[in-house]
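Visitor: What follows is each chain in one-letter form.
2 protein chains.
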Amino acid sequence: MSPAKGLGIRDGEKAVELPGRPDAGLYFIGHIHTPWKERKDCPKNARESEAVCVVEVDGRCGDGLKDVETCSHLMLLYWMDKSPRDLVLQVPGHYGVQHGTFALRSPARPNPVAVSVVKLLRVEDVKLSVVGLDCLDGTPLIDIKPYFASTDSVPDAVVGWHKRRDEAADS
Amino acid sequence: MSPAKGLGIRDGEKAVELPGRPDAGLYFIGHIHTPWKERKDCPKNARESEAVCVVEVDGRCGDGLKDVETCSHLMLLYWMDKSPRDLVLQVPGHYGVQHGTFALRSPARPNPVAVSVVKLLRVEDVKLSVVGLDCLDGTPLIDIKPYFASTDSVPDAVVGWHKRRDEAADS
Chain Z
1 MSPAKGLGIR
11 DGEKAVELPG
21 RPDAGLYFIG
31 HIHTPWKERK
41 DCPKNARESE
51 AVCVVEVDGR
61 CGDGLKDVET
71 CSHLMLLYWM
81 DKSPRDLVLQ
91 VPGHYGVQHG
101 TFALRSPARP
111 NPVAVSVVKL
121 LRVEDVKLSV
131 VGLDCLDGTP
141 LIDIKPYFAS
151 TDSVPDAVVG
161 WHKRRDEAAD
171 S
Chain A
1 MSPAKGLGIR
11 DGEKAVELPG
21 RPDAGLYFIG
31 HIHTPWKERK
41 DCPKNARESE
51 AVCVVEVDGR
61 CGDGLKDVET
71 CSHLMLLYWM
81 DKSPRDLVLQ
91 VPGHYGVQHG
101 TFALRSPARP
111 NPVAVSVVKL
121 LRVEDVKLSV
131 VGLDCLDGTP
141 LIDIKPYFAS
151 TDSVPDAVVG
161 WHKRRDEAAD
171 S
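These protein sequence lines are chains Z and A, in that order. Residues in the first sequence are numbered from 1 upward in steps of one, following our numbering. Residues in the second sequence are numbered from 1 upward in steps of one, following our numbering.
I should point out that these hints are in silico values taken from the structure, not numbers from a laboratory. Treat the hints with care, since some could be wrong.
Unchecked claim - Partial pick of chain A residues on the chain Z-facing surface, computed with a CB cut under 10 Å:
1. Phe28
2. Arg47
3. Glu50
4. Glu69
5. Lys82
6. Arg109
7. Lys119
8. Asp137
9. Gly138
10. Thr151
11. His162
Said to hold, decoys possible - Subject to a maximum C-alpha distance of 20 Å in a straight line, what follows is the list of computed EDC-like cross-link-like pairs (lysine to aspartate or glutamate):
12. A:Lys82 to Z:Asp23
13. A:Lys14 to Z:Asp58
14. A:Lys82 to A:Glu38
15. Z:Lys119 to Z:Asp137
16. Z:Lys163 to A:Glu69
17. Z:Lys82 to A:Asp23
18. A:Lys163 to Z:Asp134
19. Z:Lys14 to A:Asp58
20. Z:Lys127 to Z:Asp11
21. A:Lys37 to A:Asp81
22. A:Lys40 to A:Asp137
23. A:Lys14 to Z:Asp63
24. A:Lys37 to A:Glu56
25. Z:Lys127 to Z:Asp58
26. A:Lys119 to Z:Asp156
27. Z:Lys44 to Z:Asp81
28. A:Lys37 to A:Asp166
29. A:Lys40 to A:Asp134
30. A:Lys127 to A:Asp137
31. A:Lys127 to A:Glu69
32. Z:Lys40 to Z:Asp137
33. A:Lys119 to A:Asp137
34. Z:Lys14 to A:Asp134
35. Z:Lys37 to Z:Asp23
36. Z:Lys14 to Z:Glu38
37. A:Lys127 to A:Glu50
38. Z:Lys119 to A:Asp134
39. Z:Lys14 to A:Asp125
40. Z:Lys40 to Z:Asp81
Quick reminder that beta carbons are idealized off the backbone N, C-alpha and C, glycines included.
Let's have the full structure, built from the sequences with the hints guiding it.
Guide: As structure tokens, this is what we get:
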């Protein structure tokens, strides 16, 4: 966790004081191997990339993978600890407009837990080959969940601020 | 975090040793108000319930909600700390069959971070009224993310072990 205050905060951004100590603890359960060694190399949108990434689960948690191979898609939760955790208003470089942290998928957030929906290609021992990630090589893994279309899929969901931006770009 | 070892572990379940200390820390950023005070009262499936729940964000994080009201749906991340964290194989009571923890959405997992996709009804100050939750009243909130259909929605995703179970029940 690195606080943004004072260092490199953009015009229109706002940081708040973080609590003195955490309320709960996470265990890393593995790591994610991707082709991207630096932030600038990562795809802007995970669906842009067909790169096969490998999720490696720690041996002690290996039994937890039983039946995962029957899932076509998974939700992966991972830890993006390279970003400030105290920003509540942000001006993402590629948008140039101020938004609240909770209206963004930016890694800069109080709890940098990313959620990515990935396509599962295969499981070999404790290694899962997947498509649909955009994170840095070596990113710590927090959780693997089966993706249930019945509760997780909402094809007609809309992010209004983003849609308006796309429409303005099209006109 | 409560370890399952020795207490109430079912036949077919397996617990492993947890690390001595956590690798990362979470800050609770608010709480979720639901109608359910005990686990037995919670709906089995969030889509079963039309109950309106209220997500209350801590005041210090309130600015982070800017533009969230333009989202039709959100991903909520919350902390389910009432379950054991050391189970890698589980036999859920309502299924009665052994599965790996990472093939289940059970709250019992190394990092009990739940992800729910909810429909946003309205935002009033730091309170969000949503539909689509099944968690206990008072559950700690970890994160709010905009739901992007382009990356988060996979209508044809399949959980094979669950599908086979449904098909067996239908025949």
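Visitor: Compare the structure with each hint and give your call.
Guide: Status of the hints after comparison with the structure:
Taking 10 Å as the C-beta contact cut-off toward chain Z, the hint placing Phe28 (chain A) at the interface holds, the least distance being around 4 Å. The interface hint given for Arg47 (chain A) holds, since its Cβ lies 5 Å from the closest Cβ of chain Z, which is under the 10 Å cut-off. Hint status for Glu50 (chain A): violated, given a least beta-carbon distance of 14 Å to chain Z, over 10 Å. For Glu69 (chain A), the shortest C-beta to C-beta distance to chain Z is roughly 8 Å, which falls under 10 Å, so the interface hint holds.
For Lys82 (chain A), the interface hint is violated, since its Cβ never comes within 10 Å of a Cβ in chain Z; the closest pair sits about 12 Å apart. Proximity of Arg109 (chain A) to chain Z holds as hinted, the smallest CB-CB distance being about 6 Å (cut-off 10 Å). The criterion of a C-beta within 10 Å of any C-beta in chain Z is met by Lys119 (chain A), whose closest approach is roughly 8 Å, and the hint holds. A hinted interface residue such as Asp137 (chain A) counts as satisfied when its beta carbon comes closer than 10 Å to some beta carbon of chain Z; here the least separation is about 18 Å, so the hint is violated.
Checking Gly138 (chain A) against chain Z by beta carbon gives a least distance of about 13 Å; that is not within 10 Å, so the hint is violated. The interface hint given for Thr151 (chain A) holds, since its Cβ lies 5 Å from the closest Cβ of chain Z, which is under the 10 Å cut-off. For His162 (chain A), the shortest C-beta to C-beta distance to chain Z is roughly 7 Å, which falls under 10 Å, so the interface hint holds. Restraint check: the Cα-Cα separation between Lys82 (chain A) and Asp23 (chain Z) comes to about 14 Å, which is no more than 20 Å; the hinted pair holds.
For the hint linking Lys14 (chain A) to Asp58 (chain Z), the alpha-carbon distance of about 16 Å falls within 20 Å, and the restraint holds. For the hint linking Lys82 (chain A) to Glu38 (chain A), the alpha-carbon distance of about 11 Å falls within 20 Å, and the restraint holds. For the proposed pair Lys119 (chain Z) and Asp137 (chain Z), the alpha carbon gap of about 18 Å is at most 20 Å, so the pair holds. About 13 Å separates the Cα atoms of Lys163 (chain Z) and Glu69 (chain A), which keeps this hinted pair within 20 Å; it holds.
Distance restraint check for Lys82 (chain Z) and Asp23 (chain A): the Cα-Cα separation of roughly 14 Å lies within the 20 Å cut-off, and the hinted pair is therefore satisfied. Our distance criterion of 20 Å between C-alpha atoms is broken by Lys163 (chain A) and Asp134 (chain Z), whose separation comes to about 29 Å. The straight-line distance between the Cα atoms of Lys14 (chain Z) and Asp58 (chain A) is roughly 16 Å, inside the 20 Å bound, and the hint therefore holds. Restraint check for Lys127 (chain Z) and Asp11 (chain Z): the C-alpha separation of about 43 Å exceeds 20 Å, so the hint is violated.
A hinted pair counts as satisfied when its Cα atoms are at most 20 Å apart, and Lys37 (chain A) with Asp81 (chain A) qualifies at roughly 15 Å. This hinted pair checks out: Lys40 (chain A) and Asp137 (chain A) have alpha carbons roughly 12 Å apart, not beyond 20 Å. At most 20 Å may separate the alpha-carbon atoms for a hinted pair to count; Lys14 (chain A) and Asp63 (chain Z) meet this at roughly 8 Å. Among the hinted pairs, Lys37 (chain A) with Glu56 (chain A) is consistent with the structure: their alpha-carbon atoms are about 17 Å apart, no more than 20 Å.
About 9 Å separates the Cα atoms of Lys127 (chain Z) and Asp58 (chain Z), which keeps this hinted pair within 20 Å; it holds. Using a Cα cut-off of 20 Å, the hinted pair Lys119 (chain A) and Asp156 (chain Z) holds, with the two alpha carbons roughly 11 Å apart. At most 20 Å may separate the alpha-carbon atoms for a hinted pair to count; Lys44 (chain Z) and Asp81 (chain Z) meet this at roughly 18 Å. Annotation: proposed proximity of Lys37 (chain A) to Asp166 (chain A) is violated, straight-line Cα distance about 30 Å (limit 20 Å).
Restraint check: the Cα-Cα separation between Lys40 (chain A) and Asp134 (chain A) comes to about 11 Å, which is no more than 20 Å; the hinted pair holds. At most 20 Å may separate the alpha-carbon atoms for a hinted pair to count; Lys127 (chain A) and Asp137 (chain A) meet this at roughly 15 Å. Between Lys127 (chain A) and Glu69 (chain A), the direct Cα distance comes to roughly 11 Å. Compliance with the 20 Å bound is thereby established for this hinted pair. At roughly 12 Å between alpha-carbon atoms, Lys40 (chain Z) and Asp137 (chain Z) fall within 20 Å of each other, so this suggested pair holds.
Distance check on the hinted pair: Lys119 (chain A) and Asp137 (chain A) sit about 18 Å apart at the alpha-carbon level, within 20 Å; holds. Between Lys14 (chain Z) and Asp134 (chain A), the direct Cα distance comes to roughly 33 Å. Violation of the 20 Å bound is thereby established for this hinted pair. For the hint linking Lys37 (chain Z) to Asp23 (chain Z), the alpha-carbon distance of about 31 Å lies beyond 20 Å, and the restraint is violated. For the hint linking Lys14 (chain Z) to Glu38 (chain Z), the alpha-carbon distance of about 26 Å lies beyond 20 Å, and the restraint is violated.
Between Lys127 (chain A) and Glu50 (chain A) the CA atoms are separated by roughly 18 Å; this keeps the pair inside 20 Å, and the hint holds. Distance restraint check for Lys119 (chain Z) and Asp134 (chain A): the Cα-Cα separation of roughly 26 Å exceeds the 20 Å cut-off, and the hinted pair is therefore not satisfied. Using a Cα cut-off of 20 Å, the hinted pair Lys14 (chain Z) and Asp125 (chain A) holds, with the two alpha carbons roughly 18 Å apart. A hinted pair counts as satisfied when its Cα atoms are at most 20 Å apart, and Lys40 (chain Z) with Asp81 (chain Z) qualifies at roughly 16 Å.
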